[in-house]
Amino acid sequence: MKKILIIGNSLSAWSVASAFINQKVNITIIGKKNNTFGAQQLSPNGFRALKKLIQNDDVKNIVYEIIKFQINSYNNNETKNLKNFYFNEFDLKYFSVSREMLINFLIKNVKNNIQINEINKSCVGIIHKEPGKLEVLTDDNEYILADIIIGCDGVNGITRKYVCGTTNIVKKQVFRGISNDKKKLLLKQKTLELNFSNYGHFVSYPFINNDKTYINYVFIPNRLFQNSNEILDKLKSISKFSQIDWNDGHFYFYEDEIQTIHKNNVLLFGEAGFSFEPHLAQVGNNIIEDANYLKFLVENTNSYDEIFENFSRNTCKKKRKLKSISNIVGITFGISTLTKLRDSLVSNFSDQLMCNFLKKVWYD
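Positions 1 to 364 (the working numbering) are the ones given, in order, by the sequence shown.
These aren't lab readings, by the way, just hints derived from the structure by calculation.
Bear in mind that the values here come from a model prediction, so they are computed numbers and not experimental data.
Check before you lean on any hint, since a few could be wrong.
[What the hints assert, rightly or not] Below, simulated DSS-like cross-link-like pairs (lysine-lysine); rule was C-alpha separation at most 27 angstroms, straight line:
| # | residue 1 | residue 2 |
| --- | --- | --- |
| 1 | Lys2 | Lys52 |
| 2 | Lys359 | Lys68 |
| 3 | Lys108 | Lys121 |
| 4 | Lys52 | Lys3 |
| 5 | Lys172 | Lys32 |
| 6 | Lys3 | Lys129 |
| 7 | Lys171 | Lys68 |
| 8 | Lys93 | Lys182 |
| 9 | Lys32 | Lys108 |
| 10 | Lys184 | Lys68 |
| 11 | Lys121 | Lys33 |
| 12 | Lys240 | Lys52 |
| 13 | Lys172 | Lys212 |
| 14 | Lys171 | Lys190 |
| 15 | Lys172 | Lys323 |
| 16 | Lys321 | Lys171 |
| 17 | Lys60 | Lys212 |
| 18 | Lys184 | Lys234 |
| 19 | Lys121 | Lys263 |
| 20 | Lys234 | Lys340 |
| 21 | Lys359 | Lys188 |
| 22 | Lys184 | Lys240 |
| 23 | Lys190 | Lys80 |
| 24 | Lys93 | Lys83 |
| 25 | Lys263 | Lys24 |
| 26 | Lys83 | Lys234 |
| 27 | Lys318 | Lys172 |
| 28 | Lys108 | Lys2 |
| 29 | Lys2 | Lys171 |
| 30 | Lys111 | Lys24 |
| 31 | Lys2 | Lys111 |
| 32 | Lys60 | Lys183 |
Let's have the full structure, built from the sequences with the hints guiding it.
Right, here's the structure in full:
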């Protein structure tokens with residue numbers, strides 16, 4: 001029986017574990033448990049993949065349906081509506097989901113189907129032993145033997161360094177917050193909102209967590225205000241967002257073009273393998289999609305070498321396209337000049353053109 005070691009303890013790790021629920025394998029997840037915060041968008045490709053991955057329709061109980069995408073320009077404490085797009089008019093199923101509930105849902109699904117070992121330690125090194133065998137060194141000097149390692153430990157993890165060596169990583173500032181303000185919840189029912197401002201752009205949408213409804217907020221400063229000491233004061237000066245308790249954080253992505261995501265029975269998964277800017281809301285959706293594709297390969301391919309090769313080739317091809325599109329979208333969202341031109345273009349975007357663009361992101 002193959003011994004598979006999944007390094008990491010996040011959405012990526014439990015999505016990968018879900019890919020093996022029909023297999024006779026020995027799986028160990030090793031990694032410190034992370035605190036989850038807020039929510040993520042679940043686009044049609046992610047929702048469809050999630051249902052296939054877990055083979056369970058109960059996922060409908062943890063998601064919140066979004067039917068409207070509203071784009072605004074916000075300046076001088078005044079909101080100008082630029083575009084309203086309705087997902088349901090094009091039969092597009094769009095949702096939000098609490099990160100905490102999504103991960104707990106995956107954990108429950110995995111443990112209901114297979115026995116899994118969990119080790120709450122950090123990994124500090126990977127050693128290639130005799131052919132087909134690997135050893136992981138933990139932070140307390142314990143060695144753990146494995147046939148296969150799947151790295152879900154992010155952009156700065158040891159698996160990424162083992163497979164690819166040193167890579168250039170870009171770090172950008174992001175602010176996140178949640179609110180349960182009843183007035184705002186009434187205004188934002190089933191609405192995904194994008195607001196352009198002089199300081200950057202805001203994304204907000206409702207989600208449910210343990211039967212309570214909240215609004216998830218994300219703010220990404222534009223280039224002029226990235227890592228600015230004044231940005232929190234600027235946020236508090238915007239009446240629409242002044243009451244949000246913002247949490248300062250960062251997102252990371254690779255500057256270099258990725259060459260490979262596997263080496264010596266070590267496969268990189270999720271952000272360890274390929275990361276891009278979050279402006280398309282596809283990082284989490286792609287993790288779920290990739291896990292479902294890995295599940296398909298595992299169930300229909302005899303050789304792990306072939307599984308890794310097919311997975312690497314086909315997922316990297318899509319990620320390169322998403323990286324390019326996301327970069328352009330990020331520049332457009334964050335421009336501090338020609339804002340009137342951008343707003344005019346958004347206002348004149350037809351519904352069909354918006355639908356075609358979204359489908360290209362989700363399905364191409």
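Are Lys240 and Lys52 close enough, with their CA atoms no more than 27 angstroms apart? Violated - the C-alpha atoms of Lys52 and Lys240 are around 39 angstroms apart, more than 27 angstroms.
Does Lys359 pair with Lys188 here, judged by a C-alpha cut-off of 27 angstroms? Given pair Lys359, Lys188 holds - Cα atoms ~24 angstroms apart, limit 27 angstroms.
Has the given pair, Lys171 with Lys190, been kept, meaning a C-alpha gap of at most 27 angstroms? 32 angstroms, violated
Could you grab the alpha-carbon distance between Lys172 and Lys32 and see if it respects the 27 angstroms cut-off? 24 angstroms, holds
For a C-alpha distance cap of 27 angstroms, please report whether Lys3 and Lys129 respect it. Between Lys3 and Lys129 the Cα gap is close to 14 angstroms, so the pair holds against 27 angstroms.
Starting from Lys60, check that the Cα of Lys212 is at most 27 angstroms away, please. 15 angstroms, holds
Hint check: Lys2 vs Lys52, CA-CA at most 27 angstroms. Holds or violated? Status holds; Cα separation ~24 angstroms.
Hint consistency between Lys184 and Lys68 [alpha-carbon to alpha-carbon, up to 27 angstroms]: 15 angstroms, holds
Lys93 and Lys182: Cα distance at most 27 angstroms? It holds: about 25 angstroms lies between the C-alpha atoms, which stays within 27 angstroms.
Lys234 and Lys340 were given as a pair; does the straight-line alpha-carbon distance stay at or below 27 angstroms? Distance of about 21 angstroms is within 27 angstroms: holds.
Proposed proximity, Lys33 with Lys121 (alpha carbon, max 27 angstroms): This hinted pair holds, its Cα atoms lying about 9 angstroms apart.
Hey, Lys172 versus Lys212, does the alpha-carbon distance stay inside 27 angstroms? This hinted pair is violated, its Cα atoms lying about 31 angstroms apart.
This entry does not satisfy hints 7, 12, 13, 14, 29, going by the numbered hints stated previously.
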